[in-house]
Each structure stands twice: as structure tokens, then as C-alpha cells.
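First to last, the protein sequences are chains D and U.
Sequential numbering of the first sequence, starting at 1, is according to my numbering.
Sequential numbering of the second sequence, starting at 1, is according to my numbering.
Heads up, some of the hints might be wrong.
Unchecked claim - Simulated DEER-style distance windows between Cβ atoms:
#1 U:Gly151 with D:Val49: 22 to 32 Å
#2 D:Val49 with U:Val25: 16 to 26 Å
#3 U:Asp62 with D:Leu53: 30 to 40 Å
Stated by the list, open to error - Some chain U residues well away from chain D (every beta-carbon gap over 10 Å; in silico):
#4 Gln58
#5 Leu68
#6 Asn76
#7 Leu116
#8 Arg126
#9 Gly147
#10 Leu148
#11 Ile177
Hints were generated in silico from the structure; no laboratory data involved.
A virtual CB, placed ideally from N, CA and C, is assigned to each residue, including glycine.
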Amino acid sequence: MTNLLTRRRFLASGALGAGALALGGCDALEQNADVDAVLRSAETLTMGVQRLLLRNGTLAREFTPADISPTFRINGTQAPDSEEYAALRDGGFAGWKLKVDGLVNRPLELSLADIKKLPSRSQITRHDCVEGWSAIGKWTGVPLGLVLQTAGLKPNARFVVFYCADELEKTFDGSGRYYESIDMVDAFHPQTILAYAMNDADLTVGHGAPLRLRVERQLGYKHAKYVMRIQVVDSFSSLWGGRGGYWEDRGYQWYAGI
Amino acid sequence: MNTVMRHPHATSPGRAVLVQRHSIVVRLAHWLNVLCLGFLLLSGLQIFNAYPRLHWGQYGADADHAFLEIGASAGNPQPQGYVKVGNFSFPTTGVLGLSRVDGQSTPRAFPSWLTLPSYQDLAAGRRWHFFFAWLFVFNGLVYLAYGLLGGHFRRDLAPDRNELEPRHLWREVVDHIRLRFPSGEEARRYNTLQKLTYIVVIAVLLPMMLLTGLTMSPGMDAAFPFLLDVFGGRQSARSLHFISASLLVLFLIVHVAMVILSGPWNNMRSMITGRYAIRQKEPDA
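One chain only, chain D, in its complex shape (with noise of 0.2 Å):
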């Protein structure tokens, strides 16, 4: 019996051991390189399988009016900062115009009217963060691939990248500054859409005013608010950290479909 009690001790300490080495060792691993080039590899897996089974431009599910979250969650920046943000809203955005320039043939400057008039797109779809809450909305804009059609792509262009007017960290690199990108598959699905209005209401500070991407395959974070500049690139990675977006040069996925 004490044999027997002996042995259970043994098994129980060195579980526990075996346990607190393996959670210490863990801390030790996340800041391993190769580690952490080991569990990006998933990353690479999830984007090849979705893109196969999203190969036909499968849209997001739309929801009902009925469907509609009676509060939409404000993330991230509730509004932006800068003096020049200010003078903008202030001016109710008529002097605001978004820029749509690098591998394109004809750089565009668009103002808020001159967006309106193009066709526009609706669409009521969920929002996820990459928290875990989700919130559903109504989504007016320009499909995004229509503003590129119009610009016309150069033959290298491989991304598009949304430059913000809110800074999420004070730098003075200004890396702080949130930024995304997508490629064309995303770019030209047709409910990515630059939205302009939010439960058939002109969009609040809050929600990204006066223009903000919709990529409805991925999470929120990758649908950039208050959206500046429109840039074509056939690379990211002289931008910042090299990653793609602000939350992206900070650890999170660049494919956001999972």
C-alpha cells in the first residue's frame, strides 16, 4: 500500500512538473523565431484551403433587416485625432477627397459626391472581430473593384492598400498609424465595397466616416476605417513592419478569413 502511495506521488509530482515546465517553456517558445515560423504555416494552409472552397467568388451571407444588431459595437478609434481629421468633419467632409494612386494608369482624386454617384452596392452582413463579438449592419458604397476598373491596374499590380486618418499608437515613424491591404481576389469580390453609409445613414465618426472598406470574408479588423488613399502595390513589405496592416505588423494574420 505505502508502494502503491509512493507510486501515486510520484506520478502526481511529476505530472505537475512535467506541467509547469511545459506552460513555462511555452512562454519561451511563442518568442522562438523558428517557432513562430513553424505556426505561421497554418496560416498559409487555412488561405489555401478557403481560397479553394471561395474560388467561385461566394458571396457572405446577407441578412434581413430584422436581422440588424440594435447596437453595432464602435471598435478600435472611436475618431480620430488630427487637426486635419477635425477641420474635415467639421467641414461635414466636403473637403475630403480619397486618392487613388500607385500601379494605376489614371491616378483619382474622388470627392464624398463623387463617390455617391457611382453605382452603389447594399448589403446586410455580419461583422466579426477577431475578439469574438459580432455585430450585423446595413452597408451602403462603391464596389471597390469598380473604383480600380476605373483607375485601371497596372499589369503588376498584386495589392491594394487602404492608408487611415487614425493613429492607434503615437510613433514617430508614424507605424502607428493603422493601415490594411488586400489582394484582387478580395479587391474585386463584389461585396467588397468602399461604404460610405451605415443603416441607410451617412457613417458615423465611430464607424469610420466618411469611407471605410466592407471585406466581408474576414474579420474586422481588415476593414480599414476612415480611408484617406487608395494605393496599388505590387508588394507591402517596404510598408512598416513588412506585414500588411497595423494589427497585422503586431502578430495577426494577414489572410483574416478564420
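Guided by the hints, dock chain U onto chain D, whose structure is given.
Structure of chain U alone, referenced to chain D:
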């Protein structure tokens, strides 16, 4: 499966023989699953901590009703950790809602010793989670193929008719409560409660984890919109993911307890080397 080896230290009253109990595929799948589910659970709790509330339906955020919430309230004189289920709130200071991080009382749904990484880092938690989710899927596919084609399910897991008779089941329940475990020839096979439990885990809980996990993915929802109908929405799926994970933890506790109570060395050996010792009656001289 029928190989019988003489145990070198066989003693009376019964002769101990080693029988081949678990095949190599089952053993590998088992330990890979231990690894995957361990990492998935700890990184899953890290992900949960980013938004420690559960909703039912298509949408759900701060302003919407949550049926479960883990949080910290500005108590008097000190903040208090709590778990709220429906209208009931339970104080959980020290473990859930509010726990110590580097000696500091910190608002945190699950404590740092239960999350991967131990500090708050949703992005890292997601990287670990999705890596081991893929490994779990590959492991599960190999196991399923082996179970179906190799006859493991039919031979080892499917209960036969008389095992399912209420009287038999009742006797097994009573035996389990009295901690009387099968011995001799009976110990060659899983008992019926074991079979039924493993079937629930393999056919219900683990597929549930995978499918509710996929339903949280906006990409997968576009590819397979029926997932949203099956589970009643992304927020319901997230809640079911959490509930299924809790049931798996419950299974784990009972499973490990049974392993220890019914002979830890014999059980561990059988899951590592495949060989399990049973006592056989000496044949009459």
C-alpha cells in the same frame, strides 16, 4: 490482437499475461490528440479571454444579452472577480475574472496559468490554436480512416446487443461506482460504459469542436452557409464551442481518474507499448 505473451513474473492465483490491447495507430493518434487538445485548450482560453462573454444567435457584442460572462467588478473595498450565468453571479476572485499576474491583482477571465501564452496576447493564442487545430484535423482523419477501414470501430468500440441491455448497463454502473473494474478475460475488451463514452467523444464532441470552430470563421461561413443554420449563428457556435470544450475537460478528468483507479501502470503501458496485463486462471492440472 490475439497475440498472448507470457509475463515473466507470472504468479498465482492467476497467471499474468500480456495481451496486445492498443494498435500502433490508436496509440499514436491518442498521444497526438493529447498534445493537440492540450495546446488547443490553453490557447482557446487565451482567445476566450479577449472577449469573455457568451451569446446566443447570429450576433452578440457588449450591448447584447450574454448568458455567461466572466469579469471583474469594481467592488468595495476591492474589485471582485465573478462568473455570471443567466441572472446568477458567483464570486470567483483569485481564479476567474480577477487573478494575480506578477503579484498584481488583474482583471482576467481565465488566470495566466491556464492560458497560452501566459500573458495576454490574442494574436499569439490564435497562431497556436490554428496550428494545432490543423494537426488535430489530420490526426483525426487518419484515425477515422483506420477506425473505419481497419475495423477498429467495429471490433473495439461498437457495443454488442447484450452489452446494451439495461440490466448489463446497470451492473456496469454499479461496478464503476464501487470501483470494481473488469479483470481476467473481461479486461481484454473495453467495458460498455467505456465504449459508449469513447463513441460520444469521437462521434459527437470532437466533430462538434471542429464544426463550431469553423462556424466562427467568416470565410468558412461563406463557403458553407448551412453551418450557420445548423448551429443557429456564429455566436451560438462560439458558445457551443465553449460548452463542448468544457465537456471534453469533464471527460478528461473522469478519463484520467479511471486510468489511475483501474491501474495506472498497466493502463499507461498499454497506451505506450500496446501491451496490457491480464490475469488468467491457471488451467486445471
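Hints, verified against the model:
no., hint, verdict
1, U:Gly151 with D:Val49: 22 to 32 Å, "holds, 30 Å"
2, D:Val49 with U:Val25: 16 to 26 Å, "holds, 25 Å"
3, U:Asp62 with D:Leu53: 30 to 40 Å, "holds, 32 Å"
4, Gln58, "violated, 6 Å"
5, Leu68, "holds, 13 Å"
6, Asn76, "holds, 29 Å"
7, Leu116, "violated, 5 Å"
8, Arg126, "violated, 7 Å"
9, Gly147, "holds, 24 Å"
10, Leu148, "holds, 23 Å"
11, Ile177, "holds, 21 Å"
Hint check: violations occur at hints 4, 7, 8; the rest are consistent with the structure.
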